[in-house]
Amino acid sequence: GENVEQHPSTLSVQEGDSAVIKCTYSDSASNYFPWYKQELGKGPQLIIDIRSNVGEKKDQRIAVTLNKTAKHFSLHITETQPEDSAVYFCAAYNNNDMRFGAGTRLTVKP
Amino acid sequence: SQTIHQWPATLVQPVGSPLSLECTVEGTSNPNLYWYRQAAGRGLQLLFYSVGIGQISSEVPQNLSASRPQDRQFILSSKKLLLSDSGFYLCAFSTGGAGQPQHFGDGTRLSIL
Numbered sequence: 008g009e010n011v012e013q014h015p016s017t018l019s020v021q022e023g024d025s026a027v028i029k030c031t032y033s034d035s036a037s038n039y040f041p042w043y044k045q046e047l048g049k050g051p052q053l054i055i056d057i058r059s060n061v062g063e064k065k066d067q068r069i070a071v072t073l074n075k076t077a078k079h080f081s082l083h084i085t086e087t088q089p090e091d092s093a094v095y096f097c098a099a100y101n102n103n104d105m106r107f108g109a110g111t112r113l114t115v116k117p
Numbered sequence: 006s007q008t009i010h011q012w013p014a015t016l017v018q019p020v021g022s023p024l025s026l027e028c029t030v031e032g033t034s035n036p037n038l039y040w041y042r043q044a045a046g047r048g049l050q051l052l053f054y055s056v057g058i059g060q061i062s063s064e065v066p067q068n069l070s071a072s073r074p075q076d077r078q079f080i081l082s083s084k085k086l087l088l089s090d091s092g093f094y095l096c097a098f099s100t101g102g103a104g105q106p107q108h109f110g111d112g113t114r115l116s117i118l
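As given, the protein sequences belong to chains C and W, one line each in that order.
Quick note: the first sequence uses the working numbering, first residue 8, plus one each step.
Quick note: the second sequence uses the working numbering, first residue 6, plus one each step.
It should be emphasised that the hints constitute simulated quantities derived from the structure, not laboratory data.
Treat each hint with caution, since some may be false.
[As the list claims (entries may be wrong)] Residues of chain W placed beyond 10 angstroms of chain C at every Cβ, according to the derived structure:
hint, residue
1, Pro13
2, Asn37
3, Gly48
4, Ser63
5, Ser72
6, Arg73
7, Ser82
8, Lys85
9, Gln105
10, Gln107
11, His108
12, Asp111
13, Arg114
[Said to hold, decoys possible] Pairwise CB distance ranges (calculated):
hint, chain 1, residue 1, chain 2, residue 2, range
14, C, Lys49, W, Val17, 33 to 43 angstroms
15, W, Pro74, C, Ser25, 17 to 27 angstroms
16, W, Ala44, C, Asp104, 17 to 27 angstroms
17, C, Glu46, W, Gly32, 18 to 28 angstroms
18, W, Ser89, C, Glu12, 23 to 33 angstroms
19, C, Asp24, W, Lys85, 25 to 35 angstroms
20, W, Ala103, C, Glu12, 35 to 45 angstroms
21, C, Gln88, W, Leu118, 34 to 44 angstroms
22, W, Pro19, C, Gln88, 35 to 45 angstroms
23, C, Lys78, W, Ala44, 22 to 32 angstroms
24, C, Ser16, W, Pro19, 28 to 38 angstroms
25, W, Gly57, C, Asp24, 39 to 49 angstroms
26, W, Leu118, C, Asp66, 20 to 30 angstroms
No experiment lies behind these values; they were computed from the predicted model shown.
Backbone N, C-alpha and C define an ideal beta-carbon position, used for all residues, glycine too.
Please model the complete structure; the sequences and the hints are all you need to start from.
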């Protein structure tokens, strides 16, 4: 089955800096890669996603890149703000099977 | 709009007691439904998923069971809770077939004493 690894487990950046979170997956048939943001005491919220026929997708300060050959994808947050502080999860989907990374705790220091 | 509701938000139960967590979805029909458990500081472990009424697939052997008595209702149950059942339980749904995002409820924090 699919195995998703996520790094780093914790990330601390200064407000205004960029943050990058990386994930690798094992199943080359995986074709959909969402990213979720989870705030304390809440469920994960979808923030951006990318499909295997696309290499990059951007939504304001958030972007995701996908390298199918290397089987890795990354989340990029630019101009970070304190409200970006949360736990971020990547996931890889194949054949009704969604596998999540272990999460990255992002802290943005004002 | 499509929404998902989970309750209760928090629950404290003694070991050996039964459990029933409920999840309902509004604004869509025939969703795929999921139950996850999230251990502290860990990722999401899929427990059950359902593609239709009465259709339940279990991902891991455990002390829990799931049922889907109505199209948009998903219930997580146990007859006798164990200490190891403590955790944060999340319900999610997806629509539109394969490869669609899952949308999560706000979870239930379950503590077993």
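Against the structure, the hints:
no.	hint	verdict
1	Pro13	holds (13 angstroms)
2	Asn37	violated (8 angstroms)
3	Gly48	violated (4 angstroms)
4	Ser63	holds (14 angstroms)
5	Ser72	holds (19 angstroms)
6	Arg73	holds (16 angstroms)
7	Ser82	holds (20 angstroms)
8	Lys85	holds (27 angstroms)
9	Gln105	violated (8 angstroms)
10	Gln107	violated (6 angstroms)
11	His108	violated (7 angstroms)
12	Asp111	violated (5 angstroms)
13	Arg114	violated (8 angstroms)
14	C:Lys49 with W:Val17: 33 to 43 angstroms	violated (20 angstroms)
15	W:Pro74 with C:Ser25: 17 to 27 angstroms	violated (48 angstroms)
16	W:Ala44 with C:Asp104: 17 to 27 angstroms	holds (20 angstroms)
17	C:Glu46 with W:Gly32: 18 to 28 angstroms	holds (23 angstroms)
18	W:Ser89 with C:Glu12: 23 to 33 angstroms	holds (25 angstroms)
19	C:Asp24 with W:Lys85: 25 to 35 angstroms	violated (50 angstroms)
20	W:Ala103 with C:Glu12: 35 to 45 angstroms	violated (24 angstroms)
21	C:Gln88 with W:Leu118: 34 to 44 angstroms	holds (39 angstroms)
22	W:Pro19 with C:Gln88: 35 to 45 angstroms	holds (43 angstroms)
23	C:Lys78 with W:Ala44: 22 to 32 angstroms	holds (26 angstroms)
24	C:Ser16 with W:Pro19: 28 to 38 angstroms	holds (34 angstroms)
25	W:Gly57 with C:Asp24: 39 to 49 angstroms	holds (47 angstroms)
26	W:Leu118 with C:Asp66: 20 to 30 angstroms	violated (44 angstroms)
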